[in-house]
Amino acid sequence: MTLNRRTLMIAASLTAAAFVAAPANAQKQYGPGASDKEIKIGNINPYSGPASAYGTIGKAIGAYFDKINDEGGINGRKIKYITLDDGYSPPKAVEQARRLVEAEQVLLLFQSLGTPSNTAIQAYMNEKKVPQLFVATGATKWNDPKNFPWTMGWQPNYQTEARIYAKHILQNVKDPKIAVLFQNDDYGKDYLDGLKEGLGAQASKLIVAMKSYETSDPTVDSQVVALMNSGANVFINITTPKFASQAIRKVHDLGWKPAHYLNNVSASVSTVLKPAGLEKATGIITSSYHMDPTDPQWQSGKAYQDWLAWMKKYYSAGDVASTFNVYGYSVAQTLVQVLKQCGDNLTRENVMRQAANLKNFQVPMLLPGISITTGPDDFAPIEQMRLQKFDGNIWVLFGEVLSPEGS
Amino acid sequence: MAATSGLATIPVAASGTNWRRIGVAVAIAAALVLPWLVSDYRVFQFTLAGSYAVALLGLNLLTGYNGQISLGHGAFFAIGGYTAAILMHRLGVPYYLTILPAGAAAFIVGVLFGLPALRLENLYLALVTLSMAVATPQFLKYFDHWTGGSQGIVLRKPAAPTWLPIGNDKWLYYQMLVVLLIVFWAGSNLLAGRTGRALVALRDHPISATVMGINPVFYKTCAFGVSAMFTGIAGAMAAIATGFVAPDSFNVFLSISFLVGSVVGGIATVAGAVFGGFFIQFIPNLANDISDAAPWAIYGLFLLAFMYAMPTGIAGFIRTMAVRYAPKFRTAVGEQPTSQPGSHS
Numbered sequence: 072m073t074l075n076r077r078t079l080m081i082a083a084s085l086t087a088a089a090f091v092a093a094p095a096n097a098q099k100q101y102g103p104g105a106s107d108k109e110i111k112i113g114n115i116n117p118y119s120g121p122a123s124a125y126g127t128i129g130k131a132i133g134a135y136f137d138k139i140n141d142e143g144g145i146n147g148r149k150i151k152y153i154t155l156d157d158g159y160s161p162p163k164a165v166e167q168a169r170r171l172v173e174a175e176q177v178l179l180l181f182q183s184l185g186t187p188s189n190t191a192i193q194a195y196m197n198e199k200k201v202p203q204l205f206v207a208t209g210a211t212k213w214n215d216p217k218n219f220p221w222t223m224g225w226q227p228n229y230q231t232e233a234r235i236y237a238k239h240i241l242q243n244v245k246d247p248k249i250a251v252l253f254q255n256d257d258y259g260k261d262y263l264d265g266l267k268e269g270l271g272a273q274a275s276k277l278i279v280a281m282k283s284y285e286t287s288d289p290t291v292d293s294q295v296v297a298l299m300n301s302g303a304n305v306f307i308n309i310t311t312p313k314f315a316s317q318a319i320r321k322v323h324d325l326g327w328k329p330a331h332y333l334n335n336v337s338a339s340v341s342t343v344l345k346p347a348g349l350e351k352a353t354g355i356i357t358s359s360y361h362m363d364p365t366d367p368q369w370q371s372g373k374a375y376q377d378w379l380a381w382m383k384k385y386y387s388a389g390d391v392a393s394t395f396n397v398y399g400y401s402v403a404q405t406l407v408q409v410l411k412q413c414g415d416n417l418t419r420e421n422v423m424r425q426a427a428n429l430k431n432f433q434v435p436m437l438l439p440g441i442s443i444t445t446g447p448d449d450f451a452p453i454e455q456m457r458l459q460k461f462d463g464n465i466w467v468l469f470g471e472v473l474s475p476e477g478s
Numbered sequence: 010m011a012a013t014s015g016l017a018t019i020p021v022a023a024s025g026t027n028w029r030r031i032g033v034a035v036a037i038a039a040a041l042v043l044p045w046l047v048s049d050y051r052v053f054q055f056t057l058a059g060s061y062a063v064a065l066l067g068l069n070l071l072t073g074y075n076g077q078i079s080l081g082h083g084a085f086f087a088i089g090g091y092t093a094a095i096l097m098h099r100l101g102v103p104y105y106l107t108i109l110p111a112g113a114a115a116f117i118v119g120v121l122f123g124l125p126a127l128r129l130e131n132l133y134l135a136l137v138t139l140s141m142a143v144a145t146p147q148f149l150k151y152f153d154h155w156t157g158g159s160q161g162i163v164l165r166k167p168a169a170p171t172w173l174p175i176g177n178d179k180w181l182y183y184q185m186l187v188v189l190l191i192v193f194w195a196g197s198n199l200l201a202g203r204t205g206r207a208l209v210a211l212r213d214h215p216i217s218a219t220v221m222g223i224n225p226v227f228y229k230t231c232a233f234g235v236s237a238m239f240t241g242i243a244g245a246m247a248a249i250a251t252g253f254v255a256p257d258s259f260n261v262f263l264s265i266s267f268l269v270g271s272v273v274g275g276i277a278t279v280a281g282a283v284f285g286g287f288f289i290q291f292i293p294n295l296a297n298d299i300s301d302a303a304p305w306a307i308y309g310l311f312l313l314a315f316m317y318a319m320p321t322g323i324a325g326f327i328r329t330m331a332v333r334y335a336p337k338f339r340t341a342v343g344e345q346p347t348s349q350p351g352s353h354s
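So the protein lines, in turn, are chains A and B.
The numbering of the first sequence is this note's numbering, which starts it at 72 and goes up by one.
The numbering of the second sequence is this note's numbering, which starts it at 10 and goes up by one.
Just chain A, with the same shape it has in the complex (with noise of 0.2 Å):
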């Protein structure tokens, strides 16, 4: 009894130091949900409830990854996606989270979609040191390595967005003063914010009129009479589309001329601009990151062909006419880079040093001279945009690529 006892010891504590001294010799070093044959994704999207518009994104990443496959997996490895429904709902968003850390041993979580639901999550991810990689929102507080480092973002964020346009306005706009029209709101006053910390020091004395709205208000019309009546020579137009096209529309029926920044939320031309009348929304500007699949300009490059080619082999049931598909592809595009970074050291520690260390990544259906960057006290990979003028019918690119800081 003794002996068997002992001698198990023995062969248990000899396994142990295998064990314990394997990683070490070996290059290969594994965390939770990565192994020699596959590496485990986990996804949270609204495919029910008042967000599920969203739901094609997940199956967007869904069918890249089976690209990926296809086409021989990350270094030899497939990726294994399991994407789960939160129904837009935070605390689901909380349980499926639980899930796929707990249950379902992922490596990482990936793509979670929402302010709400990932603000639910952020805490508990960062408690259990599991990557929450490149979050579907806007919203600027993921970029917050020191407090969370195991939060990224991916999009322009909105202050992202309305520093560009503070920079453009300063560099173009002689004796600037400006009108703001903002939902009142988190998302109107991150782009507030933005803008003033855009503006710099005399930004109380440029912006002239500011006004908000509340998405329960009928209409902004009054709103943008008193902004016309303040003088002002540049309207900033912070709205969700139904609110941008009666701002649009009023601007141009009251006669004001301003020089108009409308914010990439309401960039659609289908949804905003043709109901507020196409003539009346000529030379408005905006800004972009990404391709619109509808537009002709990209129609006949590679970068759109792959992705049409890619759309129909993988994603028949998608619509090719929709951006959510173009940006499902190209977040997937990025999270595969990461992981092809890790090489075979595929921790969710080394996830999170080779997401933070991209370095000019080049995303086909990105503008042309965007690329992705991030370091260790940058977690917010894309912050380049460029301006476009609509002229009538489409959205024309024109300038340099901007971001925030240098030029």
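Derived from the structure by calculation, the hints contain no laboratory data.
Note that CB positions come from ideal geometry on N, CA and C, so glycine has one too.
Hints may contain errors.
Stated by the list, open to error - Across the chosen pairs, the derived CB separations fall in these ranges:
1. B:L43 / A:V391: 43 to 51 Å
2. B:L295 / A:K328: 44 to 52 Å
3. A:K384 / B:W172: 54 to 62 Å
4. B:Y317 / A:S287: 37 to 45 Å
5. A:V391 / B:L312: 31 to 39 Å
Please build the complex by placing chain B on the supplied structure of chain A, with the hints as guidance.
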């Protein structure tokens, strides 16, 4: 002796009490052992299911016992959740002291809402309460100074004391279990006595109930208030367990799933609330596991199957089974049952 459905409780009452006691004891024992048998992630799910069960007890009291249909209980759940969150986040109140104020806040709103509701019957009341569910997320966004707007409020999750060798999830589970047991004890006492009979009488025959001296204004308002209070307590429990509240946590669908859960569990029963809580928590997940292409179609099938097989809900089904088999068991094995017929595992 036309002893059907509602009246069927009378003949079984004598033997039923024993069976019920045994059932409750088994359920509590199972609830105590459960966290040691499953993973922490499941423990968290059961904690949420428990909070839904408390919410459903509130709804059952109002809709089941008093016959007032509410499609707006998500609003009381939100009031409870936000009261707890604001107390914890803005005023630094420890989480365990926020549950009673959450219930009190929901009680006040419930009573205020119950007063105009007195003039509305059935479907009209359902519509008015639905309006409350629809409006809740926007109200929460509007008062963003307190509620944090659409970003919500992030709460620190309660940690188990260091001297206690159980994880945070089990610790929270047991505390919430205590809350649940207190609410259920209070609720079943209330419903088993004079008040319960008054509520049922007002539901079944308001005119004769009034003639017998039952004050409809008092009892109906009371039902609304107490119902809202239970649901508010549940909201606080869920907020503490999730560690986060946001307007999107309390959408219209939550209110509708409460009604679904209480009917599937067994309307006008106390035990039904527990089964309903399990239904709300686990059936959508199960549907998602079966088919991620059409989870809500599967959910619909589950709902149809439940309603077809158990028209009086899960609790009603168990009671029917007990009525049918319990006397036989009693004669066979006397007063010492070794297994409980119709018990669900």
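Of the numbered hints stated previously, which ones are contradicted by the structure, given in increasing order? Per hint list: single violation, 2.
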